[in-house]
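S.K.: Chain residues, written in single-letter form:
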Amino acid sequence: MAEMEGTQTVAVIGMDGSEHSEYALKWYKENVHRPGNKVYIVYSPEYSSITNPASSVMTGNATHILRVVQEEEQRISALLSKLKEKVDSLQLEVSEIIRINGDPGHKIVKVAVEKHADVIVVGTRGIGKIRRTFLGSVSDYVIHHSHVPVLVCSHKDLH
Amino acid sequence: MAGKERKVLVSVDGSEHSMRAFDWYCENIHKPGDYCLALNVTEFSMHGLPGILSNPDAVVDEYKQIKQVTDKLMSDFADKMRQKGIKGSADTVPGGGSSPGEEIVKMAESNKVNLIVMGTRGLGKLRRTILGSVSDYVLHHANCPVVIVRPEQ
Numbered sequence: 001m002a003e004m005e006g007t008q009t010v011a012v013i014g015m016d017g018s019e020h021s022e023y024a025l026k027w028y029k030e031n032v033h034r035p036g037n038k039v040y041i042v043y044s045p046e047y048s049s050i051t052n053p054a055s056s057v058m059t060g061n062a063t064h065i066l067r068v069v070q071e072e073e074q075r076i077s078a079l080l081s082k083l084k085e086k087v088d089s090l091q092l093e094v095s096e097i098i099r100i101n102g103d104p105g106h107k108i109v110k111v112a113v114e115k116h117a118d119v120i121v122v123g124t125r126g127i128g129k130i131r132r133t134f135l136g137s138v139s140d141y142v143i144h145h146s147h148v149p150v151l152v153c154s155h156k157d158l159h
Numbered sequence: 001m002a003g004k005e006r007k008v009l010v011s012v013d014g015s016e017h018s019m020r021a022f023d024w025y026c027e028n029i030h031k032p033g034d035y036c037l038a039l040n041v042t043e044f045s046m047h048g049l050p051g052i053l054s055n056p057d058a059v060v061d062e063y064k065q066i067k068q069v070t071d072k073l074m075s076d077f078a079d080k081m082r083q084k085g086i087k088g089s090a091d092t093v094p095g096g097g098s099s100p101g102e103e104i105v106k107m108a109e110s111n112k113v114n115l116i117v118m119g120t121r122g123l124g125k126l127r128r129t130i131l132g133s134v135s136d137y138v139l140h141h142a143n144c145p146v147v148i149v150r151p152e153q
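Quick note, the sequences are listed as chains Z and L, same order.
Its first residue numbered 1, the first sequence is counted upward by one per residue in UniProt numbering.
Its first residue numbered 1, the second sequence is counted upward by one per residue in UniProt numbering.
Do not take every clue at face value.
[To be verified] Below, in silico cross-link-like pairs of lysine-lysine (BS3-like), each with a Cα-Cα straight-line distance of 30 Å or less:
(1) K87(L) - K4(L)
(2) K82(Z) - K115(Z)
(3) K67(L) - K26(Z)
(4) K67(L) - K112(L)
(5) K80(L) - K86(Z)
(6) K7(L) - K29(Z)
(7) K4(L) - K26(Z)
(8) K29(Z) - K84(Z)
(9) K29(Z) - K31(L)
(10) K84(Z) - K87(L)
(11) K29(Z) - K112(L)
(12) K84(Z) - K115(Z)
(13) K31(L) - K87(L)
(14) K87(L) - K86(Z)
(15) K64(L) - K26(Z)
(16) K84(Z) - K107(Z)
(17) K87(L) - K64(L)
[Stated by the list, open to error] Chain Z regions said to be covered by chain L (calculated; three or more residues, Cβ under 8 Å):
(18) 76 to 89
(19) 95 to 109
[Stated by the list, open to error] Pair ranges (Cβ atoms, derived):
(20) H64(Z) - D23(L): 23 to 29 Å
(21) S99(L) - V69(Z): 50 to 56 Å
(22) S95(Z) - R20(L): 24 to 30 Å
(23) K67(L) - S95(Z): 45 to 51 Å
(24) S89(Z) - K4(L): 58 to 64 Å
Read the hints as simulated data drawn from the structure, not as lab findings.
None of these values were measured; they are calculated from a predicted model.
Every residue, glycine too, gets a C-beta built ideally from N, C-alpha and C.
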């Protein structure tokens, strides 16, 4: 067993609500996580770009805009609750769930640097409609820009 | 995964990058009971094609030399694993017709490994991309999780 003499690993896990990122979280917990590790989840709810409030701005209708933004926030709160449930069901102690908007790859690497991460964990693909390659654009970005080892959780049944 | 033996394939190419990847695996992932397959895929370059056609002995000699180096590399790895109490194997596979990436993926699949661990760059002088061509291939074709251990920045 590893000696626990204060060697605490910091893991940053990039998630977007997809099956792939849930698989990555589960795999990390079952295979890498050790009690005492600090885990940060960088959560980027993909759909937020689809219901972009900016489109409503064109109407100039303040009430409408407010409603759209509120609905968006409600939707994201619901997703965050679901994520917290998932984390609890895995019995994983997470230090912080950092919700981000836009540019997930860049933000994941940024958080990893800020938190002095020892490892970054990502799935292979997200929910996003653009699937150019098997290796998603986010995991691809992270691999090329990370300063620390990157665990890419690929699963044959999730291709 | 509880109760099932985990198998991890560590790609070894003699570079300090793959050594660092192996060390990282030992410190961060390895649990007692894990089976570690250290795999080296021998690549050997056929430089000077006209020369080869006229001097087959030189090719055989080069092959023997390379084999000596890789055999030593893998036996050193086997020693290192034994020292750390890691059960597993340390093998060399000739990368004849297929690329090292293909051999790694093939080995991973036939052994049903749970994880592949590799560095990004090998010994090769050809450094076309930040992500070496072998790790790039493996990332795109592996059916199991892959850890990419990048060089220290």
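S.K.: All hints, please: hold or fail.
M.R.: We went through each hint and held it up to the structure:
For the hint linking K87(L) to K4(L), the alpha-carbon distance of about 15 Å falls within 30 Å, and the restraint holds. Restraint check for K82(Z) and K115(Z): satisfied, since their Cα atoms lie roughly 24 Å apart, inside the 30 Å limit. For a cut-off of 30 Å, the pair hint linking K67(L) to K26(Z) is broken: about 41 Å separates their Cα positions. Proximity of K67(L) to K112(L) is assessed by CA-CA distance (about 27 Å); at most 30 Å being required, the pair is judged to hold.
Between K80(L) and K86(Z), the direct Cα distance comes to roughly 39 Å. Violation of the 30 Å bound is thereby established for this hinted pair. For the proposed pair K7(L) and K29(Z), the alpha carbon gap of about 17 Å is at most 30 Å, so the pair holds. Under the criterion of a C-alpha separation no larger than 30 Å, the hint pairing K4(L) with K26(Z) is consistent with the structure, at around 16 Å. A distance of roughly 14 Å separates the Cα atoms of K29(Z) and K84(Z); the hinted pair therefore holds under the 30 Å criterion.
Taking the CA atoms of K29(Z) and K31(L), the gap is about 14 Å. The hint holds against a cut of 30 Å. For the proposed pair K84(Z) and K87(L), the alpha carbon gap of about 37 Å is over 30 Å, so the pair is violated. For the given pair, K29(Z) sits about 20 Å from K112(L) by alpha-carbon distance, which is consistent with the 30 Å threshold. Distance check on the hinted pair: K84(Z) and K115(Z) sit about 20 Å apart at the alpha-carbon level, within 30 Å; holds.
For the given pair, K31(L) sits about 11 Å from K87(L) by alpha-carbon distance, which is consistent with the 30 Å threshold. Taking the CA atoms of K87(L) and K86(Z), the gap is near 34 Å; set against the 30 Å cutoff, the hint is violated. At most 30 Å may separate the alpha-carbon atoms for a hinted pair to count; K64(L) and K26(Z) exceed this at roughly 46 Å. Restraint check: the Cα-Cα separation between K84(Z) and K107(Z) comes to about 20 Å, which is no more than 30 Å; the hinted pair holds.
A distance of roughly 29 Å separates the Cα atoms of K87(L) and K64(L); the hinted pair therefore holds under the 30 Å criterion. Counting residues of the region 76 to 89 of chain Z whose beta carbon lies closer than 8 Å to any beta carbon of chain L gives 0, which falls short of the minimum of three for the stated coverage. Under a criterion of three residues with beta carbons nearer than 8 Å to beta carbons of chain L, the stated coverage of the region 95 to 109 of chain Z fails, only 0 such residues being counted. Distance hint check for H64(Z) and D23(L): the Cβ-Cβ separation is about 58 Å, which falls outside the suggested range of 23 to 29 Å.
A hinted range of 50 to 56 Å for the beta carbons of S99(L) and V69(Z) is consistent with their spacing of about 51 Å. Distance hint check: the CB atoms of S95(Z) and R20(L) are about 27 Å apart, consistent with the given range 24 to 30 Å. One distance hint, 45 to 51 Å for the beta-carbon pair K67(L) and S95(Z), holds here, with the actual separation near 49 Å. For S89(Z) and K4(L), the Cβ-Cβ distance of about 21 Å falls outside the hinted range of 58 to 64 Å, so the restraint is violated.
Against the hints set out earlier in the document, violations occur for numbers 3, 5, 10, 14, 15, 18, 19, 20, 24.
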